[in-house]
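Next come the chains, spelled out residue by residue.
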Amino acid sequence: MGQTIVVRDLHKRYGDVHAVDGVSFFVEEGEFFGILGPNGAGKTTTLEIIEGLRQADAGTVEVLGLSPWPRNPRLLPRIGVQLQASSFFERLTAREQIRTFASLYGVPPAKADEMLAVVGLEDKAGTRAEQLSGGQSQRLSIACALVHDPEVLFLDEPSAALDPQARRNLWDLLRSINKAGRTVVLTTHYMDEAESLCDRVAIMDNGRILELGPPATLVRGLDSATHISLETGTLALADARELAGPEAAVEDDGVSLKIATHAPATVLTALAERNLLTGIQVRGATLEDVFLNLTGREYRA
Amino acid sequence: MTPLRSLSRAMLYGFLRDRMALFFAILFPLMFLVLFGTILANPGTSKSEIIQVGAVPLLDNAPAAREVLEISKADDLAAAQEKVRRGDATAAVRQQGDKLELYYSAADQVRAGTVQGVFGQLVGQANMAGVPQRFTLATEQVEDKSLNTIQYITPGLLAWAISMGAAFGAAATLVTWREKKILRRLRLAPVRTGTIVSARVGVSLAISLLQTAIFLGVASLPVFGLQLSAYWWMAVPLVIAGTLVFMAIGMVAGGLAKSAEGATSVANLIVLPMAFLSGAFFPLDAAPGWLQTLSNIFPMKHMTQGMLDVLVRGQGPASVLPELGIILGFALVIGVAAVLIFRWDDV
Ligand SMILES: Nc1ncnc2c1ncn2[C@@H]1O[C@H](COP(=O)(O)OP(=O)(O)O)[C@@H](O)[C@H]1O
Ligand SMILES: [Mg+2]
Chain A
410 MGQTIVVRDL HKRYGDVHAV DGVSFFVEEG EFFGILGPNG AGKTTTLEII EGLRQADAGT
470 VEVLGLSPWP RNPRLLPRIG VQLQASSFFE RLTAREQIRT FASLYGVPPA KADEMLAVVG
530 LEDKAGTRAE QLSGGQSQRL SIACALVHDP EVLFLDEPSA ALDPQARRNL WDLLRSINKA
590 GRTVVLTTHY MDEAESLCDR VAIMDNGRIL ELGPPATLVR GLDSATHISL ETGTLALADA
650 RELAGPEAAV EDDGVSLKIA THAPATVLTA LAERNLLTGI QVRGATLEDV FLNLTGREYR
710 A
Chain B
469 MTPLRSLSRA MLYGFLRDRM ALFFAILFPL MFLVLFGTIL ANPGTSKSEI IQVGAVPLLD
529 NAPAAREVLE ISKADDLAAA QEKVRRGDAT AAVRQQGDKL ELYYSAADQV RAGTVQGVFG
589 QLVGQANMAG VPQRFTLATE QVEDKSLNTI QYITPGLLAW AISMGAAFGA AATLVTWREK
649 KILRRLRLAP VRTGTIVSAR VGVSLAISLL QTAIFLGVAS LPVFGLQLSA YWWMAVPLVI
709 AGTLVFMAIG MVAGGLAKSA EGATSVANLI VLPMAFLSGA FFPLDAAPGW LQTLSNIFPM
769 KHMTQGMLDV LVRGQGPASV LPELGIILGF ALVIGVAAVL IFRWDDV
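Chains A and B, in that order, are what the protein sequence lines are.
Per this note's numbering, residue 410 is the first one in the first sequence, and the count goes up by one each step.
Per this note's numbering, residue 469 is the first one in the second sequence, and the count goes up by one each step.
Please note: incorrect hints may appear among the correct ones.
[To be verified] Label-pair ranges, simulated between beta-carbon atoms:
#, chain 1, residue 1, chain 2, residue 2, range
1, A, 515, B, 808, 23 to 33 Å
2, B, 726, A, 425, 15 to 25 Å
3, A, 431, B, 762, 53 to 63 Å
4, A, 431, B, 726, 31 to 41 Å
5, B, 726, A, 632, 43 to 53 Å
6, A, 515, B, 697, 41 to 51 Å
7, A, 539, B, 670, 21 to 31 Å
8, B, 789, A, 415, 53 to 63 Å
9, B, 751, A, 539, 40 to 50 Å
10, B, 733, A, 437, 25 to 35 Å
Simulated from the structure, these hints should not be mistaken for lab results.
For glycine and all other residues, C-beta sits at the position ideal for the given N, C-alpha and C.
Based on the sequences and whatever the hints tell you, model everything.
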């Protein structure tokens, strides 16, 4: 066992658009796997081929050792797919929604109500799905995807259009779902989301996977500078240049003084000696830098 | 709960909680019924006009009757009957020896009833006063087979209401569920397509039967005065067959349209003209021959026809079997087309 999902050389074309252009990867059992890329990268197409909603032009997919296409009734009860926030039955309450989905899998209503509590919606059980907030309906759709206790959970941009607080809550929920032993595959165009949640990420652009690995490894492999910024006026520009050494880039835009260095430890030690660590900001390389490095383009979702 | 039951419930709640859908399925057709029933029936509480043909001694000896009847005199029975038929008078009366003949129009059930009652009483009183039973009352409807307004409009409007409900229900659900990706979500659940379709068909049938019950119930109220004939229950299979046809039509519309609005418009474009051309709103008897022939290609024509026969014309249960067969034939053909056009998804 071990490998829950195996994708080999997937291709999908829409007219002239090569939406998926030779994608291969595997996802291990219990892993939190991310597909990261800007809009139009081909994430949704890839995910929906794996879920069995679309047919690939070429390539093979195996989920839990089974082929998802054509529609495979033996596989369906073992996977959970999160709906887009709006895909609910019209004019049904949260409780009615999840109980309806539960019945499709032969799951009793009590179990459905329990799942509602797991995602923190028990006080919204009587509210119609249309009246839930963005974060609440996102959690409801995840609950509906989990109600039959699937081994693999697929999520397509679950935190799109959520406010920061709702995003954090969602992240906590997703982490706990993964901790409970489920394999989770998620697509996102948020760098920070992939970094914070995923064991491994595939960075995708123009239908291809550019890089694949744990976020930390990808970032470390970059050898890019660490950015340190202080409030303007706490340190003179000349002093900063001297302290940071010749290879660092130092600039002051009138609000903050920024030092970009490959030897952050030395610089931070020197700043500590001068007792200047209060209010300091340190930002290491992120997946954004990885993307920039891979494509030569600034990352914009 | 089984998937079939829970899906049916989800669809039924979706309908019952949608005020617009309820309005168009139930209230809107009832508004037509009330409108037509009131305008065309033209009831009043004034005296009923009676044409007395020749001498009617019985009437002359009954001053009490004159208080509720306004009596004019004529000599020619045929002319008097024609007046009644046109609605200028409620009834014509003639006395032939000990037999009183009353000719009334069914166009106005309420007045016809009143007049019959008055004369029945008149004859009864005369017989009580006189020695052994002398008078008999013979009543006859001046129209031979034409029907009064409520009798005619109820079956047609009901056929139209059911067609609309079924077509719109199927078209709108299909497109909305596809648009909102519920269909693809259902496709990801281990539920059979047959279950989803059965749920939809079951809910549409339930709604149609509810429409029928409410519609016939309201039309039978004394104000409207619908008189159902003995085999009215044969309308039930007609309603079921009609629902199936128009669901199939709605499915085709939903399969062709991109949006829910589009689907409703397409369904409207099909159903509304068909209602006019099928005689659901007014009789086609006066329409040109070619139109009457053309109307046979519309399932609603056969539905209206069948409903008229069993609901008000008092025809036997077997009389609608041909219509039923034709409607089911339509359902089969259009149903196959709907299945071929069906898409789970926009992608
Ligand atoms: N059903 C479709 N028909 C035509 N083009 C499509 C379809 N689905 C996706 N595409 C195209 O394929 C590319 C990848 O789309 P998608 O997989 O949705 O990207 P992402 O989810 O990463 O934003 C885009 O250029 C998109 O326009
Ligand atoms: Mg996408």
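Here is what the structure says about each hint:
{"no.": "1", "hint": "A:515 <-> B:808: 23 to 33 Å", "verdict": "holds (32 Å)"}
{"no.": "2", "hint": "B:726 <-> A:425: 15 to 25 Å", "verdict": "holds (23 Å)"}
{"no.": "3", "hint": "A:431 <-> B:762: 53 to 63 Å", "verdict": "holds (59 Å)"}
{"no.": "4", "hint": "A:431 <-> B:726: 31 to 41 Å", "verdict": "holds (33 Å)"}
{"no.": "5", "hint": "B:726 <-> A:632: 43 to 53 Å", "verdict": "holds (51 Å)"}
{"no.": "6", "hint": "A:515 <-> B:697: 41 to 51 Å", "verdict": "holds (48 Å)"}
{"no.": "7", "hint": "A:539 <-> B:670: 21 to 31 Å", "verdict": "holds (25 Å)"}
{"no.": "8", "hint": "B:789 <-> A:415: 53 to 63 Å", "verdict": "holds (60 Å)"}
{"no.": "9", "hint": "B:751 <-> A:539: 40 to 50 Å", "verdict": "holds (45 Å)"}
{"no.": "10", "hint": "B:733 <-> A:437: 25 to 35 Å", "verdict": "violated (51 Å)"}
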